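Number of protein chains: 2
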Amino acid sequence: MENILSVKEQAHAAYTASHQLSTISTEEKNKALLEMADALEHRCNLILAENQIDLTNGRKKNLTASTLDRLMLNEERIKQIADGLRQIVSLPDPIGSGISEFRRPNGLDIRAIRVPLGVVGVIYEARPNVTADVIGLCIKSGNAIVLRGGSEAIHTNKIISSMLAAAAYTAGIPAGSIQFIETQDRQAVADMLKLRQYIDVIIPRGGKGLINYVIENSTIPVIETGAGVCHAYVDSSANMEMAGNIIINAKTSRPAVCNTIETLLINKAIAETFVPFIIDKLQAANVTIKGCPQVKALCPNIEDAVEADWSTEYHDLVISLKIVDTLDDAITHINTYNTKHSEVIITENYQNARIFQQKVDAAAVYVNASTRFTDGFEFGFGAEIGISTQKLHARGPMGLTALTTMKYLIDGNGQIR
Amino acid sequence: MENILSVKEQAHAAYTASHQLSTISTEEKNKALLEMADALEHRCNLILAENQIDLTNGRKKNLTASTLDRLMLNEERIKQIADGLRQIVSLPDPIGSGISEFRRPNGLDIRAIRVPLGVVGVIYEARPNVTADVIGLCIKSGNAIVLRGGSEAIHTNKIISSMLAAAAYTAGIPAGSIQFIETQDRQAVADMLKLRQYIDVIIPRGGKGLINYVIENSTIPVIETGAGVCHAYVDSSANMEMAGNIIINAKTSRPAVCNTIETLLINKAIAETFVPFIIDKLQAANVTIKGCPQVKALCPNIEDAVEADWSTEYHDLVISLKIVDTLDDAITHINTYNTKHSEVIITENYQNARIFQQKVDAAAVYVNASTRFTDGFEFGFGAEIGISTQKLHARGPMGLTALTTMKYLIDGNGQIR
Numbered sequence: 110m111e112n113i114l115s116v117k118e119q120a121h122a123a124y125t126a127s128h129q130l131s132t133i134s135t136e137e138k139n140k141a142l143l144e145m146a147d148a149l150e151h152r153c154n155l156i157l158a159e160n161q162i163d164l165t166n167g168r169k170k171n172l173t174a175s176t177l178d179r180l181m182l183n184e185e186r187i188k189q190i191a192d193g194l195r196q197i198v199s200l201p202d203p204i205g206s207g208i209s210e211f212r213r214p215n216g217l218d219i220r221a222i223r224v225p226l227g228v229v230g231v232i233y234e235a236r237p238n239v240t241a242d243v244i245g246l247c248i249k250s251g252n253a254i255v256l257r258g259g260s261e262a263i264h265t266n267k268i269i270s271s272m273l274a275a276a277a278y279t280a281g282i283p284a285g286s287i288q289f290i291e292t293q294d295r296q297a298v299a300d301m302l303k304l305r306q307y308i309d310v311i312i313p314r315g316g317k318g319l320i321n322y323v324i325e326n327s328t329i330p331v332i333e334t335g336a337g338v339c340h341a342y343v344d345s346s347a348n349m350e351m352a353g354n355i356i357i358n359a360k361t362s363r364p365a366v367c368n369t370i371e372t373l374l375i376n377k378a379i380a381e382t383f384v385p386f387i388i389d390k391l392q393a394a395n396v397t398i399k400g401c402p403q404v405k406a407l408c409p410n411i412e413d414a415v416e417a418d419w420s421t422e423y424h425d426l427v428i429s430l431k432i433v434d435t436l437d438d439a440i441t442h443i444n445t446y447n448t449k450h451s452e453v454i455i456t457e458n459y460q461n462a463r464i465f466q467q468k469v470d471a472a473a474v475y476v477n478a479s480t481r482f483t484d485g486f487e488f489g490f491g492a493e494i495g496i497s498t499q500k501l502h503a504r505g506p507m508g509l510t511a512l513t514t515m516k517y518l519i520d521g522n523g524q525i526r
Numbered sequence: 110m111e112n113i114l115s116v117k118e119q120a121h122a123a124y125t126a127s128h129q130l131s132t133i134s135t136e137e138k139n140k141a142l143l144e145m146a147d148a149l150e151h152r153c154n155l156i157l158a159e160n161q162i163d164l165t166n167g168r169k170k171n172l173t174a175s176t177l178d179r180l181m182l183n184e185e186r187i188k189q190i191a192d193g194l195r196q197i198v199s200l201p202d203p204i205g206s207g208i209s210e211f212r213r214p215n216g217l218d219i220r221a222i223r224v225p226l227g228v229v230g231v232i233y234e235a236r237p238n239v240t241a242d243v244i245g246l247c248i249k250s251g252n253a254i255v256l257r258g259g260s261e262a263i264h265t266n267k268i269i270s271s272m273l274a275a276a277a278y279t280a281g282i283p284a285g286s287i288q289f290i291e292t293q294d295r296q297a298v299a300d301m302l303k304l305r306q307y308i309d310v311i312i313p314r315g316g317k318g319l320i321n322y323v324i325e326n327s328t329i330p331v332i333e334t335g336a337g338v339c340h341a342y343v344d345s346s347a348n349m350e351m352a353g354n355i356i357i358n359a360k361t362s363r364p365a366v367c368n369t370i371e372t373l374l375i376n377k378a379i380a381e382t383f384v385p386f387i388i389d390k391l392q393a394a395n396v397t398i399k400g401c402p403q404v405k406a407l408c409p410n411i412e413d414a415v416e417a418d419w420s421t422e423y424h425d426l427v428i429s430l431k432i433v434d435t436l437d438d439a440i441t442h443i444n445t446y447n448t449k450h451s452e453v454i455i456t457e458n459y460q461n462a463r464i465f466q467q468k469v470d471a472a473a474v475y476v477n478a479s480t481r482f483t484d485g486f487e488f489g490f491g492a493e494i495g496i497s498t499q500k501l502h503a504r505g506p507m508g509l510t511a512l513t514t515m516k517y518l519i520d521g522n523g524q525i526r
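Protein chains in written order, with our numbering: chain X, 110 to 526; chain C, 110 to 526.
Excised from the complex, chain X in its bound form:
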């Protein structure tokens, strides 16, 4: 048994490091990121050996083929992870940049500038690439980090994080800035979620169960990410070809991710022609279709959609269809069942486009484009730390600025009140 630090000691070390890390220059941070990327590539074999242990354990535990695939690394994938760190170098450093600056009538000069949050806690499930992504984004934004990964990838995550921590330290990043919690004891997560004095934010990345556990148990502020029950609404004036292309793309291009659509709402005025048209297309793409009674009346050879379907994120080639009477009914359905992630209307009607964008409550509201674009890279933000589905602090794809807060600097010459 190794002699490992307690979660509290690790968080305290990160907290101590964060005060120094917040003042490190962009040049130093970039240099460290490049050396961290090199370290992963140079010692690629060590990572692959640890990854083999996780894969062997995973097969014993009968993990699904897709989970094993997400877990599996090879030389090319490690190069991709290293390149991800190099891409972070090219992103602008938000730290120290001005948000606003003004002079008060009494002569006080007030500046609001961006500063790091301090210590970022991330609790995540299987994917090893998250380890490097999150460490890279935190270092670039001057934040210390406490990571807790899932048991499936524990050996891989451990070697990646310790390699990155060592390379960062050698490159001048304060010792203790990168903390990986090694114990698989579940109590470690419960402990971590109460360390409000050391950790400034918790970002859970994983399934609904993990996210809800974190929300219910954390006294540290949480940024909720990832749950996506997204909708497409086909308005009566929609261009049918365009609607078909968008729906097939938004449902089938990567069905397991959060920005795919789960429910398709169709205006009754075009249902008679559109429903058979889209069902043909979806079936040709191997999508299982569930329908409300009105949809089934038009196409009986599909499954029944039940109440639970409207709030289900399938993570799979499954979609539920519903016919609605009006645009307002579509908006009400969406605001009732959505996770406030991404929503799209397909329409040629200007007023309806505008009303949909105003009234639908979601991070990203589209007109005539696939919801699959809700993504840090697609928005042009570079790497992302996650997609926020809550309203506080950050909403939608979170780039580096989501890992910052601000501070007012006030300069005077003796002003009193």
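By construction, these hints were calculated from the structure, which means they are not laboratory data. Here the structure is a predicted model, which means the values were calculated and not measured. Hints should not be assumed to be uniformly reliable.
Unchecked claim - Below, a list of computed lysine to aspartate or glutamate pairs in the DMTMM-like style, where the Cα atoms sit at most 25 Å apart:
1) C:468 x X:218
2) C:468 x X:118
3) C:390 x C:412
4) X:188 x X:218
The hints should help you fit chain C onto chain X, whose structure is shown.
This is chain C only, laid out in the frame that chain X set:
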């Protein structure tokens, strides 16, 4: 016994109203605020009658004179509350304003715009003016509101909120937008803190006990406000007169509020002259002084500062003094004991000013000015919903924009990924 709605029903009503309220125009919101202000003045006597009940109960409960004074309303104070609502009319409406706008290479146009948070929950203690302030700021920013006030002011808060709700409704604000929880059952607060599906943020305004209870029990995101253990550090190069004026102002102008200083750190190089100088001034202003052993060696006729003093917010004419060896020691002391509210260095040394502003972790870091300026009005933001002492979402004085989030609107012509 009245037939009152459950907390859940009230929060649901606010949630339903919030969808309509989010699209109300600035003109309509301003008209409502003016009518709400008039309602308070026109029916002033009704408020005073209810206020008398609270005051009578308060005297029976032996509330302190200062608590009774904060609770007490008269015609002039009601006029001030009404004028507060009128001032909110003159603040710019943040809703709908653009944050950024860009075109992606694939032709997608992406706009980030400000939208209301949705439903704001406020849990507060005695002061009745908070009721009107908070309702006014929420209505102006398009948010529905669920209020839970303290028992001391229950009759006053109930009449003010019901008058404002009635006037708002008459002026076209959606029914249900303003919810005041009338029951004094403590379970109501516990219930409120779990209504994540309806309430977007909880802002506690009150003492440490209330704030900690909310943080520990809420599954809704919380904005922490108000705790203030603030410091002044007198550098070796400080202008002594200026330091004296700032310290006296920051300690004595309103000792009960959060932006006063609680601890004074003095560089040892000037301690011999500065300590007697400032102790004279503080004693002349009736301030009780506690000192570290080095301070006591210079001026024995003061109390001992013990470990607990360094993290105590006195809310009173009390200050603790400590001599530090270096600027770095001062910064370390501050970052160890502060509540990340407001901190000041008094110095004539450019480098030291810069280092202090960079390294001290607080919402507002001053050079040569009183910490008492950390306030929405003093910063020029107009009325404030509170002063955030956390790092997520909002930091420092929170004006109307702290009550907003953003939404991406994406316009395309059939883009798929």
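Hints, verified against the model:
Between the alpha carbons of residue 468 of chain C and residue 218 of chain X the distance comes to roughly 19 Å, so the proposed pair stays at or under 25 Å and holds. The hinted pair formed by residue 468 of chain C and residue 118 of chain X meets the criterion: a straight-line CA distance of about 23 Å does not exceed 25 Å. Taken as a hint, the residue 390 of chain C and residue 412 of chain C pair is honoured in the structure, with Cα atoms around 16 Å apart against an allowance of 25 Å. A hinted pair counts as satisfied when its Cα atoms are at most 25 Å apart, and residue 188 of chain X with residue 218 of chain X does not qualify at roughly 48 Å.
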